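J.: Chain residues, written in single-letter form:
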Amino acid sequence: MTQLILVQSEALEPWQAIADFQSSNFKDHTDFGATATFVGTMRDLNEGDEVLEMTLEHYPAMTQKQLQSIVDEAGEKWPLLHTLLIHRVGAIKPADPIVLVAVWSAHRAAAFDACRFLMEALKHQAPFWKKESLTSGETRWVAKNTLGTS
Amino acid sequence: MVKILYFASLRELVGVPEASLDLGEPLDAAEVWDAVNPAIDLPEASLVAINQSYAALDSVVVPGDEVAFFPPVTGG
Chain Z
1 MTQLILVQSE ALEPWQAIAD FQSSNFKDHT DFGATATFVG TMRDLNEGDE VLEMTLEHYP
61 AMTQKQLQSI VDEAGEKWPL LHTLLIHRVG AIKPADPIVL VAVWSAHRAA AFDACRFLME
121 ALKHQAPFWK KESLTSGETR WVAKNTLGTS
Chain P
1 MVKILYFASL RELVGVPEAS LDLGEPLDAA EVWDAVNPAI DLPEASLVAI NQSYAALDSV
61 VVPGDEVAFF PPVTGG
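Protein chains in written order, with our numbering: chain Z, 1 to 150; chain P, 1 to 76.
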């Protein structure tokens, strides 16, 4: 299984990242039938306020450890062939992608379920924090994540 | 010596990103907070990690540990 976990301050281009990961690691492979992806993007509205910019902070040593642990857990729960997880830190503007989770497996059930699991586990366990700058000039820490269920 | 790290709103609350403490006697994580921040209550819902793994406030801290305090995580 190929795994790539990145935390980066550079801009995230999710579709390019997926294409690059696939072409450099399993270009002509014929074993995967399902690819599930999730891209989280910054909104310009939160809690009813217009957000101008956001700064994402993290605890580097722990982030790496936590992300590796949830990727390993997903690999134990589902027969995944490849996993790609990229998370932004630093200054982020509305419409910028924040997070990418992509998984490859033989069949769709594992791909869908693992992709969701990784995203939810990341939201709950990975030590990232968002600070918003509002158009009003106020800055505030995001207190908690929204629910991942509809 | 114990290394103490603060992140996000807790770093702003304390005013510094890190501190250190010489352990005279065994302390749990909550007692470490109180020892280095006697005038500041640890905000409710705060999380603690010891050596980059989540821990409980009553987890025992030993010399050489890295203890981090931070608010609920909001990544993704």
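Since the hints were derived computationally from the structure, they do not count as laboratory data.
These numbers come from a predicted model, not from an experiment.
One or more of the hints may lead you astray.
The calculated lysine to any residue pairs, modelled on SDA-like cross-linking and capped at a C-alpha distance of 25 Å, are [unchecked claim]:
#1 Z/Lys123 with P/Pro26
#2 Z/Lys93 with Z/Thr139
#3 Z/Lys131 with P/Pro43
#4 Z/Lys131 with P/Ser59
#5 Z/Lys123 with P/Pro63
#6 Z/Lys123 with P/Glu31
#7 Z/Lys93 with Z/Asp31
#8 Z/Lys123 with P/Ser9
#9 Z/Lys144 with Z/Ala34
J.: Now, for every hint given, state plainly whether the structure supports it.
T.: Hints, verified against the model:
no. : hint                  : in the structure
1   : Z/Lys123 with P/Pro26 : violated (33 Å)
2   : Z/Lys93 with Z/Thr139 : holds (14 Å)
3   : Z/Lys131 with P/Pro43 : holds (18 Å)
4   : Z/Lys131 with P/Ser59 : violated (29 Å)
5   : Z/Lys123 with P/Pro63 : violated (31 Å)
6   : Z/Lys123 with P/Glu31 : violated (28 Å)
7   : Z/Lys93 with Z/Asp31  : violated (38 Å)
8   : Z/Lys123 with P/Ser9  : holds (18 Å)
9   : Z/Lys144 with Z/Ala34 : violated (32 Å)
The earlier numbered hints that this structure contradicts are 1, 4, 5, 6, 7 and 9.
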